[in-house]
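A.B. asks: In case you want the letters, here they are:
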Amino acid sequence: MTRTLEKTTTPEAPSLAHRLRALLFGRSAAIIALLVVVWIIASVSVENFNTPNTLYFLILDVFPVLLIALPMTFIIITGEIDLSVASMVGLSSVTIGALFQAGVPVPVAIVIALIVGLAGGAVNGFLVTTIGLPSLAVTIGSLALYRGIAVGILGTTAITGFPEMFGDLVKDRLFGRGTAIPGILIVFIVLAIIAIVLLHATSIGRSTYAIGLNKEASLFSGIDAGRLKFWFFVASGVVSALAGAFWTLRYDSARGDNAMGLELVVVAAVLVGGVSIFGGRGSLVGVIAGVLVIGALRSALRLADVSSDVINVATGLLLVVSVIVPSIISAVTGFAERRRAAAAAS
Amino acid sequence: MTLFSKRSRSGLALVALALGVSLTATACSAGGGGSEGGGDGGGASYDIAFLPKSLGNPYFEASDAAGKSAVEGFGGTFKEVGPTEATADGQVTYINTLTQQSVDAIVLSANDPNALCDALGEARDAGVAVVTFDSDVDPECRDIYVSASNAELIAKKQVDLIAEQIGGEGQIAILSASANATNQNAWIAEMETYLDSEYPDIELVDTVYGNDDDQTSFDKTEALLSTYPDLKGIISPTTVGIAAAARYLSTSDFKGEVALTGLGTPNDMREYVENGTVTSFALWNPEDLGILAAFAAKAMIDGDITGEEGDTFEVEGLSTDKTSYEVGADGVVTLGDPFVFTADNIDDFDF
Numbered sequence: 000m001t002r003t004l005e006k007t008t009t010p011e012a013p014s015l016a017h018r019l020r021a022l023l024f025g026r027s028a029a030i031i032a033l034l035v036v037v038w039i040i041a042s043v044s045v046e047n048f049n050t051p052n053t054l055y056f057l058i059l060d061v062f063p064v065l066l067i068a069l070p071m072t073f074i075i076i077t078g079e080i081d082l083s084v085a086s087m088v089g090l091s092s093v094t095i096g097a098l099f100q101a102g103v104p105v106p107v108a109i110v111i112a113l114i115v116g117l118a119g120g121a122v123n124g125f126l127v128t129t130i131g132l133p134s135l136a137v138t139i140g141s142l143a144l145y146r147g148i149a150v151g152i153l154g155t156t157a158i159t160g161f162p163e164m165f166g167d168l169v170k171d172r173l174f175g176r177g178t179a180i181p182g183i184l185i186v187f188i189v190l191a192i193i194a195i196v197l198l199h200a201t202s203i204g205r206s207t208y209a210i211g212l213n214k215e216a217s218l219f220s221g222i223d224a225g226r227l228k229f230w231f232f233v234a235s236g237v238v239s240a241l242a243g244a245f246w247t248l249r250y251d252s253a254r255g256d257n258a259m260g261l262e263l264v265v266v267a268a269v270l271v272g273g274v275s276i277f278g279g280r281g282s283l284v285g286v287i288a289g290v291l292v293i294g295a296l297r298s299a300l301r302l303a304d305v306s307s308d309v310i311n312v313a314t315g316l317l318l319v320v321s322v323i324v325p326s327i328i329s330a331v332t333g334f335a336e337r338r339r340a341a342a343a344a345s
Numbered sequence: 000m001t002l003f004s005k006r007s008r009s010g011l012a013l014v015a016l017a018l019g020v021s022l023t024a025t026a027c028s029a030g031g032g033g034s035e036g037g038g039d040g041g042g043a044s045y046d047i048a049f050l051p052k053s054l055g056n057p058y059f060e061a062s063d064a065a066g067k068s069a070v071e072g073f074g075g076t077f078k079e080v081g082p083t084e085a086t087a088d089g090q091v092t093y094i095n096t097l098t099q100q101s102v103d104a105i106v107l108s109a110n111d112p113n114a115l116c117d118a119l120g121e122a123r124d125a126g127v128a129v130v131t132f133d134s135d136v137d138p139e140c141r142d143i144y145v146s147a148s149n150a151e152l153i154a155k156k157q158v159d160l161i162a163e164q165i166g167g168e169g170q171i172a173i174l175s176a177s178a179n180a181t182n183q184n185a186w187i188a189e190m191e192t193y194l195d196s197e198y199p200d201i202e203l204v205d206t207v208y209g210n211d212d213d214q215t216s217f218d219k220t221e222a223l224l225s226t227y228p229d230l231k232g233i234i235s236p237t238t239v240g241i242a243a244a245a246r247y248l249s250t251s252d253f254k255g256e257v258a259l260t261g262l263g264t265p266n267d268m269r270e271y272v273e274n275g276t277v278t279s280f281a282l283w284n285p286e287d288l289g290i291l292a293a294f295a296a297k298a299m300i301d302g303d304i305t306g307e308e309g310d311t312f313e314v315e316g317l318s319t320d321k322t323s324y325e326v327g328a329d330g331v332v333t334l335g336d337p338f339v340f341t342a343d344n345i346d347d348f349d350f
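Sequence order for the protein chains is W and S. For the first sequence, position 204 (counting from the first letter as 1) is numbered 203 according to numbering that gives the first Met the number 0, and the numbering increases by one without interruption. For the second sequence, position 339 (counting from the first letter as 1) is numbered 338 according to numbering that gives the first Met the number 0, and the numbering increases by one without interruption.
Some clues are possibly wrong.
[What the hints assert, rightly or not] Mimicking EDC-like on lysine to aspartate or glutamate, the simulated pairs with C-alpha atoms at most 20 Å apart in a straight line are:
hint	chain 1	residue 1	chain 2	residue 2
1	S	Lys155	S	Glu197
2	S	Lys156	S	Asp117
3	S	Lys155	S	Glu139
4	W	Lys170	S	Glu121
5	S	Lys231	S	Asp212
6	S	Lys67	S	Asp46
7	S	Lys67	S	Asp103
8	S	Lys231	S	Asp218
9	S	Lys78	W	Glu336
10	S	Lys67	W	Asp304
11	S	Lys78	S	Asp46
12	S	Lys78	W	Asp304
13	S	Lys231	S	Glu163
14	S	Lys67	S	Glu315
15	S	Lys254	S	Asp267
16	S	Lys156	S	Glu189
17	S	Lys155	S	Asp200
18	W	Lys170	S	Asp124
19	W	Lys170	S	Asp303
20	S	Lys254	S	Glu163
21	S	Lys78	W	Glu215
Worth flagging that the hints you see were computed from the coordinates, not collected in a lab.
Modelling step: build the complete structure from the supplied sequences, incorporating the hints.
C.D. replies: Here it is in structure tokens:
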């Protein structure tokens, strides 16, 4: 807490060299290094890991997580959370399925699903910012609400048989069959660049960190925390709906129970990526690396025929360690600094 | 300040190390991959992977264990992989993984008829034989479907059992697995038709879903009994569901008052048959199903069958005397009639 306060009250802006150094050797660098290490170990020890196909499947598998992790990063940095994202994926999927079944063209159905996502996000944002309820409580509620509506609309059925061209659109590889990159990745890259610029190079980004670091201080410096948070929740709803469209078309299956439990995967990836659950800290580069670390780890363990129970344990351990280790480091650093200060004073 | 620079130096060292190792590793794996690829090509092996709906389901543990001994019996390599939750996307990642590993055949029970199709298509393009058992995908997405029985026989058997137990009239409900389970929905549709035509005095008031999860099924049973105070019987056509429902009934006031039947395994149901909660229930032998699926996969790999109607193949080690099976329409191979377990015969079985 004392360290965070120091940061907000530092008067001069950090120098370019300082920022570069923080970028290279900060938490994101550690996650990227971890990703590289996981990838190397997997490539060396797991047969078939370092192939275009594995990378292709890996990207498709983590794609919804990558998408939703972008707005989730902003939300968690402000000190809030959105647990309704996976339910919104399901609701979006059902919206597209029901509309398609009623004869609405798929692109129109997707646009309507995105509007549903926008509305769902706005409800969360309104309850959190205007009414002032804790986001944890609000989004646990909307988690159940959106999932309930989704399962309620389609009941027990799954809508399938979407035109093949839409499935191809989300699955086709960018440069032909032998290559690794699905074309849909471009959507993520564009969104990621927008998000990175927004968070790391604009006043919106600085305000986002300020809200998470110190709510009161940000209030006094004239930041409209409520308005920012509201739009982050809206973005989260829209992006989750987009992930729902991807999910539906990839599996050619619109179902109310699609993406059950995905919210935990997203939150885990964001935390592994170095975002503090208490807000104020983290970077999008770290988060993207975090998603890929979890994806690569799970993919490698599956290829190595490790049982899925063990894979879940490994993923859980990674999450716990990545949340605990920074706390330990900062506790140790704090202790060392205090000792040095005490030595200097005496 | 000293601490910071020390940290950045070690960070730099780590990055350098990582880069260095990554260069050597890429070189290594490129060379290793080539030689291993050559080794895999020789000999007619049976590398067969079983992919159940989810791990830890005793029904699939029984069929997969029997599948394992069958595969090892004809000199193949067996493995069982699968997601911990019964979801289609979880199965897709495993199908992709098995395709990458170039197994010879995938034997799976599907969580969704459509969602797996694309991944199975990639597997078949890569030369993997695809055999479904217990729960099918769309016929064009696999080579062979090994069916335990047929939907009509299974549905009729369960309706007849519940009708007998409640005296042919009253309210009943169904506790199913997941809402998208292909086989469950097919049976339920057949049950509805059969109830309408044969038992006009029996009213099916609700169908609820326990998602093949013990706790959810338990809770749904409780909810059914509080929603419908006049309920006379429950049909649960899933082994997880019937066991959870039986556990609920056996410790409640409804024990002996509300009849329960469906599809269950003898080991799960033994204590409830002994304590009078359940009179009779049905199932085929899941071990036989696993064995039949394993031999269907072998026949596919050998090229003895292609999924065409009329193809025949040999099976060894079933609990019945049957050793030859014929592929029916749509590439379906049928094991046989469901079997009814009662207090008189349950102790003859152990699975």
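A.B. asks: Take a quick look at whether Lys67(S) and Asp103(S) sit within 20 Å of each other, Cα to Cα.
C.D. replies: Answer holds: Lys67(S) to Asp103(S) is near 15 Å, not above 20 Å.
A.B. asks: Holds or violated: Lys156(S) with Glu189(S), Cα cutoff 20 Å?
C.D. replies: Roughly 11 Å separates the two Cα atoms, so the pair holds.
A.B. asks: Is Lys78(S) within 20 Å of Asp46(S), Cα to Cα?
C.D. replies: Distance ~8 Å between Lys78(S) and Asp46(S) Cα, so the pair holds.
A.B. asks: Given the hint that Lys155(S) pairs with Glu139(S), test it: the Cα-Cα distance must not exceed 20 Å.
C.D. replies: violated, 28 Å
A.B. asks: Holds or violated: Lys231(S) with Asp212(S), Cα cutoff 20 Å?
C.D. replies: violated, 24 Å
A.B. asks: Given the proposed pairing of Lys78(S) with Glu215(W), does the C-alpha separation stay at or below 20 Å?
C.D. replies: Distance of about 58 Å is beyond 20 Å: violated.
A.B. asks: Between Lys170(W) and Asp303(S), is the straight-line Cα distance small enough, at 20 Å or below?
C.D. replies: Outside the cut-off at roughly 34 Å; violated.
A.B. asks: When you check the alpha-carbon spacing of Lys231(S) and Glu163(S), does it fall within 20 Å?
C.D. replies: Holds, at about 12 Å.
A.B. asks: Does the structure keep Lys156(S) and Asp117(S) at a Cα separation of 20 Å or less?
C.D. replies: Cα-Cα ~35 Å, so violated.
A.B. asks: Is the Cα-Cα distance between Lys67(S) and Asp304(W) 20 Å or less?
C.D. replies: With Cα atoms ~16 Å apart, Lys67(S) and Asp304(W) stay inside 20 Å; holds.
A.B. asks: Holds or violated: Lys155(S) and Asp200(S), Cα atoms, limit 20 Å.
C.D. replies: Judged against 20 Å, a Cα distance of about 16 Å means the pair holds.
A.B. asks: Check the hint pairing Lys231(S) with Asp218(S) against an upper bound of 20 Å on the C-alpha distance.
C.D. replies: holds, 18 Å
Violated hints for the displayed structure, listed by number in ascending order: 2, 3, 5, 9, 19 and 21.
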